Amino acid sequence: MKPSDEQCVEMYRRMWRIRLFEETAFERRAHLAGGPGHSSIGMEASIVGSCLALRQDDYMVGTHRSHGHPIGKGARVDRLFAELMGKVTGVNQGKGGSMHMSDFSVGSVGETSIVGSGLPVATGAALGAKLQRSDRVALCFFGDGAAAQGTFHESLNLAAIWHLPVVYVCENNQYAENTPFTAMCAVPNVADRAAAYGMPGLVVDGQDAIKVFDVVSDAVERARASNVPSLIETKTYRYNDHSGGPDRRDATYRAPDEVAVWRARDPLTLLAKHLFAEVGLDVSEVEGLQQEEQVRIEAAWQFAIDSPFPPIEAAFDHLFTNPIAAVSSIGEPGR
Amino acid sequence: MTELTFIEAGTKAVHEEMLRDDRVFVLGEDISWNFFGTTAGLVEAFGEERVRDTPIAEAGFVGTAAGAAMVGMRPVVDMMIAPFFYVAMDQVVSIVAKSTYLYGGQAKMPVTFRATMFYGVGVAGQHSDRPISTFMTIPGLKIIAPSCPRDLKGMLKTAIREDDPVICFEDCRAWGIRQDVPDDDELIPLGSADVKRRGSDVTVVGVAGTVNLALEAAERLEGSGISVEVVDLRSVVPLDAETILESVRKTGRLVVADPSHELGSVASEIAAIVVERGFHHLDAPIIRVTTPHVHIPFSPPLEHSLYPSVEKIVAAVRSVLA
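Note that the protein sequences, when read in sequence, are chains A and B. Under this note's numbering, the final residue of the first sequence carries the number 335; numbering is consecutive throughout. Under this note's numbering, the final residue of the second sequence carries the number 322; numbering is consecutive throughout.
For the record, the hints were derived by calculation from the structure and aren't laboratory data. Not one of these hints is a red herring.
Not close to chain B: a few residues of chain A, all C-beta gaps over 12 Å, as computed:
id : residue
1  : 23
2  : 32
3  : 33
4  : 251
5  : 291
6  : 298
In silico contact screen, one side only, chain A against chain B (beta carbon under 7 Å); selected entries:
id : residue
7  : 95
8  : 109
9  : 128
10 : 155
11 : 320
12 : 324
Some chain A residues close to chain B (C-beta under 10 Å, calculated; not the full set):
id : residue
13 : 59
14 : 83
15 : 90
16 : 101
17 : 104
18 : 110
19 : 114
20 : 131
21 : 132
22 : 138
23 : 154
24 : 161
25 : 319
Please read these numbers as outputs of a predicted model, since none were measured by experiment. Ideal placement from N, C-alpha and C gives every residue a C-beta, glycine not left out.
The shape of chain A in the complex, shown without the other chains:
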């Protein structure tokens, strides 16, 4: 299903929001709480085209490279920045950081930093939705690296035999850390493996938000209406290094002109062209959207900067939903 004009504008907003969020987080990284920062710059169309194909109450599971996914799903960026800083106002109250941001209020039910570990979780969310007779769908993002994990096979097989309302979106950004996808996969596309599970497998241009939305929307509809799972592969690219900013100068795992080739098809530029040509926005209107997002990002950053760290005792919170009595040394601060 093609996106409406309004949906195109909303996609552009969220993609721009992700781009600004990532750039701001990297440029001002001295203020962050440390740890790796896996940037999704370059992958915004894959993220937002998929997320906007969902309802807000649908479930979404992200990865270690998931600053963008909660934003795509509608999470508040102020609380996401605060999480990156380890602040108490963070989406996870400072317990998760960069690789585990979640916002259950918008269906962002976690992102897990052990590559491939989110696939069973999303499968289970879909099983839960089905058992509850809700019409919710679960969407699972994972990378080309995760497609090599056993959990990929186990999850897709379970979803197929149990007819679960789940959409698996493999964001093939061409590299697992420094190792090229082509060296680690015996077939040209991860989506080709869908045949092994008897489910639809589709490859889509991951830089084109309209196409991603179209293909994922159809998959979501198959899941919602008929409990048919799908495997979608978005061919995409991360401009920055595995972690941090641009490749180090001595990086040899990919050629600089390869990055330039992908940058020439930047997802934001492609969507802007659509806004001009098909939606009928003019330059000032598009710049207005960019400006609104810039204002939002600055305010969010300031919110995070102004937020306090959690009190030390908070390290002991949330170990359990139902805290255990201090009958052993467990749960006693300072012991």
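Since the structure of chain A is already known, use the hints to place chain B on it.
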């Protein structure tokens, strides 16, 4: 009261909770066939939607249970035997144990695992594990190890109602025990040890099935005029240190029996707690009766030489009294 075996009590607990709460469902390998014996009658009562046979894919179905729990279901995962956990270790540790914490309390993880410690039956090194202490070291998991039908039923029911992950280690050496079990909705709280036999000379804390060995040892020692108090740990996390310390304050002597391997065993933790908090009540060194730090051999005389036994507990009690 109804007389039930250990296995029957576990199944009855699940059955009752499935009747009570339609969010509860069971998944695991071969469970609709009751292949292993812990799921008798469930599929007949509740159908295949709530009693789900899985492929042999432990990581996949453990993580799937976690995802379903996060969205409001209450899965009971029948792992069959405990070492099958290892295939799913990342899902158990990184997802089940950590999600509530990592997501700042947004995720509830009401998953119950049933895992039988299937040892002493000639299944050799990869099937005979008793990994209670392995999982005890992972924050975010609640762990129970009942020794008798009544406790298994009452604690497993509590576990299924918990909003947190609970692993129930079921000791196959307790399988044959029959006991009258209340027909009502008895819930035994997690974190409460139980004094199974009163005594005054020595405290024996038993973990899982070793409690029954300790009771038999106490019976034998009574003939020699030695009064043994047997404390059933029942709940490993949370661990009821106070009941153990109270007993040791009375007896001054402690033996801990635990089927785990000795190194880093549950017995080791109990010994450490008693030394830290009750040292001045001890009249003799603590003795641990555990399984040595070696793999389980197939050959029956070799295998049976390794586990805690009534004889080993009797000898340990005599030793702390010497």
